[in-house]
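Okay, here's what each chain looks like letter by letter:
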Amino acid sequence: MKNNNVDILIIGAGAAGAAAAWNLSKSGYKIICLEQGPSLNYKSYSFSQTNWELLKQRKFNINPNIRKLKSDYPIDDRRSPISIANFNAVGGSTILYSGHVPRFHPSDFKTKTLDGVGEDWPFVYKDLEPFYELNDKMMNVAGLVGDPAYPPISNLKPSVPLGLAGKKIAQGFNKLGWHWWPSYSAISTKIYKGKKKNSRSTVDKTYWPLAISNGVKLKANCRVKKITLNSLGNVNGVIYADPNNKEKFQGASLVIIACSGIGTPRLLLNSTNKFFPKGLANSSGLVGKNLMLHPLGFVEGKFDEFLGSFIGPEGCCLASQEFYETIKDEKHKRGYTMQILRGPGPLETAFSARKFKSLSFGKNFHKQFSQNYGKTIPVAIICEDFPEKHNSVELDHNKKDSSGMPGVKINYKLSENSKKMLVHGLLKAKEVMKKIGAKSIISFGPVRHTGWHLMGTTKMGKNRKESVVNEFGQTHDIKNLVIVDSSIFVTSGGVNPVSTLQAIALKITSEIKKSPNKYFI
Amino acid sequence: MKKKKFKTIEMNKMFISLVDTMIPESKSELMPNATKAIKISTFLKNILKNIKLKKKINKVFSDASGKNKKINYSTLGIKIAESKIIEKDLEKYLLEAYFSSKLVQKQLLKKTNKILSSKKTNNKDNQSLLKLVKKSRLRYKHI
Chain F
0 MKNNNVDILI
10 IGAGAAGAAA
20 AWNLSKSGYK
30 IICLEQGPSL
40 NYKSYSFSQT
50 NWELLKQRKF
60 NINPNIRKLK
70 SDYPIDDRRS
80 PISIANFNAV
90 GGSTILYSGH
100 VPRFHPSDFK
110 TKTLDGVGED
120 WPFVYKDLEP
130 FYELNDKMMN
140 VAGLVGDPAY
150 PPISNLKPSV
160 PLGLAGKKIA
170 QGFNKLGWHW
180 WPSYSAISTK
190 IYKGKKKNSR
200 STVDKTYWPL
210 AISNGVKLKA
220 NCRVKKITLN
230 SLGNVNGVIY
240 ADPNNKEKFQ
250 GASLVIIACS
260 GIGTPRLLLN
270 STNKFFPKGL
280 ANSSGLVGKN
290 LMLHPLGFVE
300 GKFDEFLGSF
310 IGPEGCCLAS
320 QEFYETIKDE
330 KHKRGYTMQI
340 LRGPGPLETA
350 FSARKFKSLS
360 FGKNFHKQFS
370 QNYGKTIPVA
380 IICEDFPEKH
390 NSVELDHNKK
400 DSSGMPGVKI
410 NYKLSENSKK
420 MLVHGLLKAK
430 EVMKKIGAKS
440 IISFGPVRHT
450 GWHLMGTTKM
460 GKNRKESVVN
470 EFGQTHDIKN
480 LVIVDSSIFV
490 TSGGVNPVST
500 LQAIALKITS
510 EIKKSPNKYF
520 I
Chain W
0 MKKKKFKTIE
10 MNKMFISLVD
20 TMIPESKSEL
30 MPNATKAIKI
40 STFLKNILKN
50 IKLKKKINKV
60 FSDASGKNKK
70 INYSTLGIKI
80 AESKIIEKDL
90 EKYLLEAYFS
100 SKLVQKQLLK
110 KTNKILSSKK
120 TNNKDNQSLL
130 KLVKKSRLRY
140 KHI
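So the sequence lines, in the order shown, correspond to chains F and W. Just so you know, numbering that gives the first Met the number 0 puts 347 at position 348 of the first sequence, and the rest follows in order with no gaps. Just so you know, numbering that gives the first Met the number 0 puts 25 at position 26 of the second sequence, and the rest follows in order with no gaps.
Okay, chain F solo, but in the shape it has when bound (with noise of 0.2 angstroms):
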């Protein structure tokens, strides 16, 4: 019988999976990944289509509730302030994200002996700095070299420009003495490898192809329900539904997860065993715990004069970290990212001004109209978050996803720490938006439908009681199991994870292939 047993199984296809696929892809092993959503053509989902608002709303929401296709899996949040983003495909959460990739500060690992909040990372910003250079370097990033909020980062592309609405902000942060700078963007911003100019760069694009001209088999529409083990308690496989939704067995060697915070501990807990009753690698009993979310606060400023403020990068033209950091005698601790976010655009606005009433139909229809359209400045407020064992994911067998594996349910409530944070932030961000005549301002926080980063519920330590994997991002319980996501972050940082998790797959699996007997049995 032909033995169709893998080196190493993937299970995920976004941001860290992709990662890990190219990381590992050349180095002899013979490697398949398994995704749960199909491989999209690039066009349906491009953000320059006439129909893309539209699109937002229904087919690409980001909401998985609202989205309700095949591929994605029901999660109750009525139990959460913040409901959960995400998308399943080939490129993951990339497909929809807005580029935005920013690293973490050095201090963000040492939180609990800087600030004596959080936990301490296994390791420090300089462990990881090689790769971030790298995963840079392979999604394009563009940026400016100088920014006193980090120790230098080299070899960016030209960054994005500011536009009319991001130099009137950056003003206002001169005016105030405040730090901030152009933004760190997953956007090519000149043409390269056929990329068209001003296109996001999403991990089908950038490590994908790469991926599989290296001989990685990418199996779309394969949803994993359940890792299995050997007698002796290995991971030997797993069992997934196929296209057809038919049960299969795939056999490896060595099995890295790369689902994020939600997918990963929805697939161990699922996957219990006679030596895993309470879910895989879950002696700890962390599994799902310590779920952070970065609280978002929204300030938006309207101005008399056209700012243009639709066009430009969707997540940030500039961000400023003047407050990211620990402040002595406020009341919270560490702090957030102030972004600058792109406005919204013509059929935003007009439901935006219907609402605020500045919009009616009639003779006044199209002046009222340009009243609205490109003149706010809208700026979100990122707010760390620390890891709480209450905030958590656990399985609800009540909702079942397309091929019977249960869904998810959210618990998860705002510290004090991030209440006192989003409140500072709101503060800041109005003082600004102040100083540089908004006006009218509008704000609020926490934005529900902001749940993109998803952290912590397979927290990495060295401790296995207080860990689910070590720094190499192994299971304490389960040698040949790997995790590479988001959801083994410790402490949350105050801005995107993206770029930090893609870090930490490419570390990890550059020690799969440095030291392939620590992993493989």
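These aren't lab readings, by the way, just hints derived from the structure by calculation. Please read these numbers as outputs of a predicted model, since none were measured by experiment. Every clue listed holds true.
Calculated cross-link-like contacts (lysine-lysine; reagent style BS3-like; alpha-carbon spacing at most 30 angstroms):
| hint | chain 1 | residue 1 | chain 2 | residue 2 |
| --- | --- | --- | --- | --- |
| 1 | W | K109 | W | K91 |
| 2 | W | K51 | F | K354 |
| 3 | W | K78 | F | K362 |
| 4 | F | K354 | W | K26 |
| 5 | F | K166 | F | K136 |
| 6 | W | K91 | F | K58 |
| 7 | W | K91 | F | K55 |
| 8 | W | K38 | W | K91 |
| 9 | F | K327 | F | K109 |
| 10 | W | K133 | F | K166 |
| 11 | W | K140 | F | K327 |
| 12 | W | K118 | W | K101 |
| 13 | W | K38 | F | K58 |
| 14 | F | K42 | W | K48 |
Position chain W against the provided structure of chain F, taking the given hints into account.
Frame of chain F; chain W shown alone:
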């Protein structure tokens, strides 16, 4: 009173004047009216999928036409638009169709480019803006 049933062609006529009253052409703003941007038959087909809304539209149109045997459907559409009686029900459909149309997006881009070209800025502006922050203190801790 027995409700009048409208033929598709009558419905189309009413809707053309209804949506064009809601979103008229604006020469000064370079923007087209609703029916220049959207295909009314597709638009109508889309909203009539909503059974509740379909019933409401039929009732509103029927009530507005009264007992008149000779109905001017265009006038009727204007009258309904001005009464705002189904404005709330239609606005989502209309705004989505209008602002997703290629013509509207083309016109918006034209307007935007016109304004931006009059406010041309260059990289030198960025450099002068960055001068202050470049010289400022470090915002991260050396570990």
